[in-house]
Amino acid sequence: MKRLVFILIMFMVSAGTAFSSEPAAAASPAYQYKSKVYGAIEQIIQGNPVKWRVDGRDVIVMPDTLIKEKYGKAAVGAFVEIKGIFTGRELIAQKIEVKRDSSHAKLYGVVKSIPAGGLGIWIIDGKRALVTEKTRIDEDHGRAVESAYVEVKGSYSAKGFNAREIEVKRGSRRK
Numbered sequence: 055m056k057r058l059v060f061i062l063i064m065f066m067v068s069a070g071t072a073f074s075s076e077p078a079a080a081a082s083p084a085y086q087y088k089s090k091v092y093g094a095i096e097q098i099i100q101g102n103p104v105k106w107r108v109d110g111r112d113v114i115v116m117p118d119t120l121i122k123e124k125y126g127k128a129a130v131g132a133f134v135e136i137k138g139i140f141t142g143r144e145l146i147a148q149k150i151e152v153k154r155d156s157s158h159a160k161l162y163g164v165v166k167s168i169p170a171g172g173l174g175i176w177i178i179d180g181k182r183a184l185v186t187e188k189t190r191i192d193e194d195h196g197r198a199v200e201s202a203y204v205e206v207k208g209s210y211s212a213k214g215f216n217a218r219e220i221e222v223k224r225g226s227r228r229k
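Going by the numbering used here, the first residue of the sequence shown is number 55, and it counts up by one from there.
It is possible that some hints are incorrect.
Claimed, not checked - Each computed DSS-like pair below joins lysine-lysine, with the alpha-carbon atoms no more than 30 Å apart:
{"no.": "1", "residue 1": "188", "residue 2": "149"}
{"no.": "2", "residue 1": "207", "residue 2": "90"}
{"no.": "3", "residue 1": "153", "residue 2": "223"}
{"no.": "4", "residue 1": "105", "residue 2": "188"}
{"no.": "5", "residue 1": "88", "residue 2": "166"}
{"no.": "6", "residue 1": "153", "residue 2": "124"}
{"no.": "7", "residue 1": "188", "residue 2": "90"}
{"no.": "8", "residue 1": "188", "residue 2": "137"}
{"no.": "9", "residue 1": "137", "residue 2": "105"}
{"no.": "10", "residue 1": "124", "residue 2": "105"}
{"no.": "11", "residue 1": "122", "residue 2": "213"}
{"no.": "12", "residue 1": "149", "residue 2": "166"}
{"no.": "13", "residue 1": "160", "residue 2": "149"}
As the list claims (entries may be wrong) - What follows is a set of in silico ranges between Cβ atoms, one per label pair, in the way DEER data are often shown:
{"no.": "14", "residue 1": "100", "residue 2": "225", "range": "16 to 24 Å"}
{"no.": "15", "residue 1": "209", "residue 2": "166", "range": "15 to 23 Å"}
{"no.": "16", "residue 1": "104", "residue 2": "170", "range": "20 to 28 Å"}
{"no.": "17", "residue 1": "102", "residue 2": "226", "range": "20 to 28 Å"}
{"no.": "18", "residue 1": "149", "residue 2": "224", "range": "16 to 24 Å"}
{"no.": "19", "residue 1": "187", "residue 2": "144", "range": "39 to 47 Å"}
{"no.": "20", "residue 1": "182", "residue 2": "158", "range": "37 to 45 Å"}
{"no.": "21", "residue 1": "174", "residue 2": "99", "range": "25 to 33 Å"}
{"no.": "22", "residue 1": "186", "residue 2": "96", "range": "29 to 37 Å"}
{"no.": "23", "residue 1": "90", "residue 2": "182", "range": "41 to 49 Å"}
Read the hints as simulated data drawn from the structure, not as lab findings.
By construction, the Cβ of each residue, glycine as well, lies at the ideal position given by its N, Cα and C atoms.
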């Protein structure tokens, strides 16, 4: 009888946590795991805590996060490696290492739109790149048109991403 009561109590305790109103990530560390992210810093949102947008992902930067800036400053456009704990929605950064500064930034993706005449803002996988008459365009592997896959080298400024060079990696699949 004591054993049956013990089993019943254990079941009720475990059922109580299973039907808790807390979010799953907050209720149990089982939903959290170590993760590593590589990408360009797209945005830094000041607040408590500070939130970065890195390659489309939300990253929480805590006061005790170790930031290594050997190869450049941790600023918008810098390419970084981030190690931390993924909670299911965001990455809580434990260590951030700048791999390349913002003056040597790169974008990769499919060209979604090009303005008439080719100069102006190009949209590449949802990111804006300013193309000017100084931008070098390498079309050895296809034409620089919508739906082409490209690598864009450039730098970030207060106005956004400035394309220095566009290299078509794979031409358009449109006929």
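Hint check:
Only pairs whose Cα atoms come within 30 Å are accepted, and residue 188 paired with residue 149 is rejected, the gap being roughly 37 Å. For the hint linking residue 207 to residue 90, the alpha-carbon distance of about 24 Å falls within 30 Å, and the restraint holds. Between the alpha carbons of residue 153 and residue 223 the distance comes to roughly 23 Å, so the proposed pair stays at or under 30 Å and holds. The hinted pair formed by residue 105 and residue 188 fails the criterion: a straight-line CA distance of about 34 Å is larger than 30 Å.
For the given pair, residue 88 sits about 34 Å from residue 166 by alpha-carbon distance, which is inconsistent with the 30 Å threshold. For the hint pairing residue 153 with residue 124, the CA-to-CA distance comes to about 8 Å; that is within 30 Å, so the pair holds. In summary, the hint linking residue 188 to residue 90 is not supported, as the alpha carbons are separated by about 36 Å, beyond the 30 Å threshold. For the given pair, residue 188 sits about 37 Å from residue 137 by alpha-carbon distance, which is inconsistent with the 30 Å threshold.
Of the supplied pair hints, the one linking residue 137 and residue 105 holds, its CA atoms being roughly 15 Å apart against a limit of 30 Å. For the hint pairing residue 124 with residue 105, the CA-to-CA distance comes to about 22 Å; that is within 30 Å, so the pair holds. A hinted pair counts as satisfied when its Cα atoms are at most 30 Å apart, and residue 122 with residue 213 qualifies at roughly 26 Å. A hinted pair counts as satisfied when its Cα atoms are at most 30 Å apart, and residue 149 with residue 166 does not qualify at roughly 34 Å.
About 22 Å separates the Cα atoms of residue 160 and residue 149, which keeps this hinted pair within 30 Å; it holds. For the pair residue 100 and residue 225, the supplied restraint of 16 to 24 Å is violated, since their beta-carbon distance comes to about 42 Å. A beta carbon spacing of about 21 Å between residue 209 and residue 166 agrees with the range 15 to 23 Å that was offered as a hint. Take residue 104 and residue 170: their Cβ atoms lie about 40 Å apart, and the range 20 to 28 Å is violated.
Separation of residue 102 from residue 226 is about 46 Å and departs from the stated range, judged on CB atoms against 20 to 28 Å. Distance hint check for residue 149 and residue 224: the Cβ-Cβ separation is about 34 Å, which falls outside the suggested range of 16 to 24 Å. Taking 39 to 47 Å as the suggested C-beta distance range, the pair residue 187 and residue 144 conforms, at roughly 40 Å. Checking the proposed 37 to 45 Å range against residue 182 and residue 158 shows it is violated: the Cβ atoms sit about 19 Å from each other.
For the pair residue 174 and residue 99, the beta carbons lie near 28 Å from each other, so the given range of 25 to 33 Å is met. Remark: the range hint 29 to 37 Å for residue 186 to residue 96 is contradicted by a beta-carbon distance near 21 Å. In this structure the supplied range 41 to 49 Å is violated for residue 90 paired with residue 182, their Cβ-Cβ distance being about 27 Å.
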